[in-house]
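Protein chains in written order, with numbering that gives the first Met the number 0: chain B, 0 to 339; chain E, 0 to 339; chain L, 0 to 339; chain G, 0 to 339.
Hint data in this document are derived by calculation from the structure and do not stem from the laboratory.
Incorrect hints may appear among the rest.
Copies of the same chain look alike in the list, so a pair counts if it fits in one copy or across any two.
Claimed, not checked - Pairs of lysine to aspartate or glutamate residues, derived as DMTMM-like cross-links and limited to a Cα-Cα distance of at most 25 Å, are as follows:
(1) K277 - E154
(2) K323 - E226
(3) K60 - D49
(4) K63 - D49
(5) K323 - E147
(6) K304 - D85
(7) K63 - E259
Number of protein chains: 4
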Amino acid sequence: MVVVMAPGATKAQIEEVVAVVEGAGLKAHLSFGDQRTVIGIIGDKTVMMDLPLAGMSGVEKLLKVTASYKLISREFAARDHVVWVDGVPVGGGSMAVMAGPCAVESREQLLEAAAIVKAQGAQFLRGGAFKPRTSPYSFQGLEQKGLEFLAEAGEKYGLKIVTEVMDEGNVSRIAETSHVLQIGARNMQNFALLRAVGRAGKPVLLKRGMCGTIDEWLNAAEYIAKEGNMDIIMCERGIRTFETYTRNTLDLSAVVAVKELSCLPVIVDPSHGTGLRKMVRPMSLAAVGAGADGLMIEVHPEPAKALSDGPQSLDEQGFASLMKEVNGLTTLLRGENRLQ
Amino acid sequence: MVVVMAPGATKAQIEEVVAVVEGAGLKAHLSFGDQRTVIGIIGDKTVMMDLPLAGMSGVEKLLKVTASYKLISREFAARDHVVWVDGVPVGGGSMAVMAGPCAVESREQLLEAAAIVKAQGAQFLRGGAFKPRTSPYSFQGLEQKGLEFLAEAGEKYGLKIVTEVMDEGNVSRIAETSHVLQIGARNMQNFALLRAVGRAGKPVLLKRGMCGTIDEWLNAAEYIAKEGNMDIIMCERGIRTFETYTRNTLDLSAVVAVKELSCLPVIVDPSHGTGLRKMVRPMSLAAVGAGADGLMIEVHPEPAKALSDGPQSLDEQGFASLMKEVNGLTTLLRGENRLQ
Amino acid sequence: MVVVMAPGATKAQIEEVVAVVEGAGLKAHLSFGDQRTVIGIIGDKTVMMDLPLAGMSGVEKLLKVTASYKLISREFAARDHVVWVDGVPVGGGSMAVMAGPCAVESREQLLEAAAIVKAQGAQFLRGGAFKPRTSPYSFQGLEQKGLEFLAEAGEKYGLKIVTEVMDEGNVSRIAETSHVLQIGARNMQNFALLRAVGRAGKPVLLKRGMCGTIDEWLNAAEYIAKEGNMDIIMCERGIRTFETYTRNTLDLSAVVAVKELSCLPVIVDPSHGTGLRKMVRPMSLAAVGAGADGLMIEVHPEPAKALSDGPQSLDEQGFASLMKEVNGLTTLLRGENRLQ
Amino acid sequence: MVVVMAPGATKAQIEEVVAVVEGAGLKAHLSFGDQRTVIGIIGDKTVMMDLPLAGMSGVEKLLKVTASYKLISREFAARDHVVWVDGVPVGGGSMAVMAGPCAVESREQLLEAAAIVKAQGAQFLRGGAFKPRTSPYSFQGLEQKGLEFLAEAGEKYGLKIVTEVMDEGNVSRIAETSHVLQIGARNMQNFALLRAVGRAGKPVLLKRGMCGTIDEWLNAAEYIAKEGNMDIIMCERGIRTFETYTRNTLDLSAVVAVKELSCLPVIVDPSHGTGLRKMVRPMSLAAVGAGADGLMIEVHPEPAKALSDGPQSLDEQGFASLMKEVNGLTTLLRGENRLQ
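Make the full structure from the sequences, and use the hints.
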């Protein structure tokens with residue numbers, strides 16, 4: 000961390016900053032410029048972060064030199080961490096595909112979707128039993144019934160289940176059914192929930208918040224890792240920008256950034272990331288090009304009848320041709336010798 | 000709601016949309032343009048919202064005509080709703096000031112802060128016992144001890160307590176101490192928590208999410224109202240934009256918008272909204288000018304030693320002169336005959 | 000400037016950075032951390048900025064300590080610069096009001112508007128003769144005719160004229176008529192135009208770009224100042240964010256920031272900043288509370304017939320009651336002893 | 000266009016809107032809801048746009064049904080428009096690569112860069128002779144000398160030249176040298192410049208503004224087309240968002256959108272779009288996956304010595320391996336039978 004003192008900072012103010020830094024067992028390193036004094040701080044970054052420096056007299060600003068997350072960082076974990084989900088790898092060169100309807104609507108709908116998903120070679124079945132909805136009057140999911148249908152479909156087709164958990168109280172119940180616990184974008188910084196899934200003993204899929212910076216997203220992952228769970232799959236799903244043509248702006252550079260800064264695998268959700276069916280194919284191929292470890296795709300047997308997110312769901316044919324292209328691209332870019 | 004059909008939409012596709020609309024008990028009204036057919040839908044908006052129209056073939060886009068919240072809307076509640084907190088009004092022409100430290104750090108710190116807050120005429124003591132922090136390694140609050148200190152300080156100085164609740168599990172515990180349950184920006188769309196505070200029988204202070212649109216924020220309030228609790232105080236605290244000079248961009252036009260669209264009172268938090276001490280005074284005056292029903296201000300007996308948010312906290316003198324100006328301005332703009 | 004070297008940076012890479020810094024006549028100051036070396040650079044900041052450091056091997060990032068503008072900065076010009084427009088001051092405690100229609104539509108419309116503007120005590124008449132419009136098919140202004148009407152109305156009512164200049168070729172022509180040359184938001188970084196108005200010998204009103212950071216906006220002002228013209232009036236008019244309820248998000252904290260960082264006066268345009276007539280009054284009062292040196296307000300004799308921006312224009316009565324409140328507020332906050 | 004009347008709108012107000020619509024030769028189509036009346040307008044959209052409806056009494060809001068651009072729209076031009084640049088196609092299945100240094104720094108630097116660019120099979124040499132820089136103290140380009148070096152390098156290596164034009168006054172001078180006139184992001188809505196390049200008789204490369212919506216970007220292209228020049232190459236180069244890890248957020252979904260909404264080819268600039276050398280390769284592959292018609296890549300013989308944008312420039316080796324992968328991907332996705 001670098002402390003930039005204001006132009007008129009006094010000697011006493013500078014000494015006070017140094018005293019606080021050294022009092023915490025860290026080292027301070029001073030640089031005197033023409034107008035400003037700059038103080039470099041050296042030592043344990045988790046100690047550094049809690050020093051009350053920003054509020055001190057004469058301090059103009061703090062410049063962060065290193066990130067505050069640790070366990071998931073490249074400095075700590077140089078090798079890619081492969082998340083094994085009941086025998087299926089995410090990361091390490093494989094291409095994980097998680098597909099299925101936005102919401103579980105009925106037993107029939109889900110079984111049909113699962114059949115399509117399996118037939119095209121995806122390894123995971125996604126589907127929401129508990130749905131976060133902007134309005135309290137929108138369909139909120141089938142809840143317990145939805146979980147049961149997911150369990151049945153997963154078992155019947157040999158697919159791993161991915162479903163969202165929205166509150167601490169439901170973590171253990173959902174962990175019984177789901178192979179992966181999904182944290183939705185709105186809960187990226189629901190710290191109580193992050194801690195709870197960190198202790199649940201299951202892999203976690205952590206969606207990026209709509210206005211989550213890459214740094215905050217990685218810190219959210221650190222909350223999970225700190226509970227002892229390194230099996231975290233990061234999922235880019237679009238950020239909120241001024242552009243309204245797409246529902247969100249899919250930030251594929253975040254895939255590159257997260258893989259550079261951390262050891263965690265990253266997948267991409269082009270369905271939510273764009274909100275437009277016609278964009279799912281090109282943005283899936285783009286995600287593979289950017290180096291994503293997997294895709295999360297909305298597939299519905301009858302998109303026109305979907306209770307949520309119909310406009311961005313693929314039908315059987317659309318999903319089949321997408322999978323063909325994704326496979327071709329993955330083979331070209333990563334070779335045959337990938338994990339799966 | 001208005002459905003815009005794509006230029007090439009067929010007669011059959013148009014009829015199918017009409018059938019879905021009428022099948023739900025709503026009316027469809029067609030307009031044929033040169034290139035596009037536009038279908039207006041008339042009837043209950045909460046039914047409308049769940050129709051699977053967006054995914055249907057031939058549909059280009061949906062245009063929302065009305066908002067999806069109801070109970071808090073101006074159409075439903077034309078008169079301003081005054082939230083009475085244990086005898087103290089928020090809204091209705093009064094100026095509610097909630098002041099205190101970002102985090103409760105010790106009994107002494109809080110009692111000192113409370114003394115300052117009371118002396119300058121604020122009615123509410125704010126302070127965090129449970130702190131949401133980006134990094135898991137940052138100070139997370141005194142938790143239970145913090146609540147006890149808040150209770151003691153509130154009682155000693157006759158101040159109403161406002162503190163944040165971060166998870167469902169703590170709602171009832173915090174409701175025992177706190178007169179107002181604060182929902183932080185990161186939890187604006189933590190729907191489980193919104194429902195829980197909606198049932199807790201206490202007024203709720205609902206902060207706007209960092210990327211929450213006004214529409215989403217009002218829908219979040221509707222989640223609380225739908226549980227039977229209309230005592231909701233909206234709090235603008237800055238949104239995330241590209242500008243990095245300020246921590247967030249304080250959106251004072253949101254004060255005007257929320258008061259236009261809903262019956263709820265709105266207060267402003269210039270401390271978090273800007274992150275800069277020197278901006279607290281001018282942005283507080285600006286908030287009063289914009290019509291805010293109150294202010295939330297960080298006050299710390301020794302800002303230079305604050306464990307969190309020191310750079311934006313006022314000390315005793317700063318708070319005293321702010322309160323003097325705020326009072327002058329309120330009297331000028333709203334007259335002496337305001338509620339309090 | 001601070002150079003942060005990557006964790007694995009070699010001694011040779013560090014030495015190379017130092018060599019480049021010293022080769023440019025600057026001093027380098029090294030700080031060795033556990034993982035990173037940090038190099039502080041001391042000396043002339045305009046030299047510093049052009050060093051090719053960011054691309055050098057081993058360099059992780061550069062952290063800016065000081066801004067790159069100079070002439071307009073507080074470090075250079077501690078006292079507020081008052082811009083005198085043909086005898087009328089902007090800044091220095093006065094409240095400058097620039098009012099009139101978005102576009103000059105006809106001689107009659109402009110004369111009527113000018114009469115209203117004058118009657119309520121504003122000092123400046125605004126009106127567009129050349130209009131920047133998103134679509135090439137929208138009304139583009141009366142051009143030369145518009146300038147003539149402005150000149151006539153200004154003379155008749157003793158109002159100073161403010162009108163936009165959109166291209167270099169028209170600068171001298173418009174400077175003959177207009178007392179203030181306005182640079183619109185879309186041209187904030189049209190550097191050729193900035194240089195041209197810097198040489199035109201007239202005060203300049205520089206609107207903030209829709210996505211202009213405060214730093215970029217001040218650098219744009221520096222382009223004008225560098226040509227020898229310090230008579231620059233900064234104008235906050237809203238930035239582009241994710242919120243769509245308002246046309247833009249009026250960033251009143253920018254008023255405080257610009258007055259802190261530079262010596263220039265700042266005015267606020269709540270009409271364009273919100274795009275909503277009902278917001279003009281509260282946001283004008285908010286701007287005065289935030290410390291703005293003036294307001295730019297759209298006034299139209301018949302807003303319902305305005306060719307552009309009707310929805311945000313005030314009529315005579317609306318403008319009259321606004322001016323009354325603005326005057327009351329200014330007197331309360333700044334006292335009677337202000338310049339004008 | 001759809002006019003939504005406010006809940007309390009009177010019959011007279013509705014009739015007045017209808018009168019204005021019909022008075023302009025358009026048709027109005029009314030829909031009466033429970034609370035609101037909605038008026039659909041049918042007819043020539045360029046007439047519609049200039050009606051003063053938004054400011055009329057009783058009008059709540061306008062909803063746009065169709066875009067305001069015409070000549071470049073899919074409704075007007077169903078077939079992809081291939082831009083032929085002196086015999087080299089952009090669009091139509093080809094992969095156009097424009098590479099070279101950010102700024103022309105010297106004759107030697109440019110000739111070296113051109114040799115690399117040519118050797119790897121790119122068709123275009125890019126390089127800035129006039130540079131738009133945030134600060135007036137940064138290097139502004141070699142200007143006339145830079146143009147001469149570009150001409151020499153282009154001729155020597157048989158590369159088409161792409162260089163930026165920043166003001167009207169230089170259009171004809173630059174058009175003598177450059178095969179493509181580039182409009183930079185800051186000038187996307189410099190309408191005078193758009194008109195000037197529209198009349199210059201050369202293909203134009205139109206970069207998206209940092210906060211330009213897709214709709215505004217297409218309208219900017221329409222300004223050029225309206226002058227009779229359809230040879231427009233759109234270039235996505237990143238938008239400004241809250242994320243600061245990358246310089247901008249590259250919005251690859253815009254590639255898909257522009258190709259859907261217009262007939263124009265779209266290329267991607269991952270160098271400026273991310274600002275990070277390590278991201279150029281993955282984001283280039285992502286752009287090809289998304290369907291881009293070309294790439295604009297910064298290549299510098301010695302990135303560590305670049306006067307601008309060194310951190311995002313590729314050296315010879317980096318560019319060579321990128322081109323190999325881009326070629327492989329293009330062949331896989333578009334087949335051998337593409338134009339070039």
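Against the structure, the hints come out as follows:
Neither within a single protomer nor between protomers do K277 and E154 lie at most 25 Å apart by alpha-carbon distance, with minima of 31 Å and 42 Å respectively. Within a single copy, K323 and E226 get their C-alpha atoms no closer than 39 Å, and across copies no closer than 44 Å, so neither meets the 25 Å cut-off. In this homomeric assembly, K60 and D49 come within 25 Å of each other (Cα to Cα) both inside a single copy, at 15 Å, and across copies, at 23 Å. Proximity of K63 and D49 under a CA criterion of 25 Å is satisfied in both settings, with 13 Å inside one chain copy and 23 Å between copies.
With identical chains, the CA atoms of K323 and E147 are never at most 25 Å apart, being 31 Å at best within one copy and 49 Å at best between copies. In this assembly of identical chains, the alpha carbons of K304 and D85 never lie at most 25 Å apart, being 33 Å within a copy and 49 Å across copies at closest. Taking the shortest alpha-carbon separations for K63 and E259, both the intra-copy value of 18 Å and the inter-copy value of 23 Å come in at or below 25 Å.
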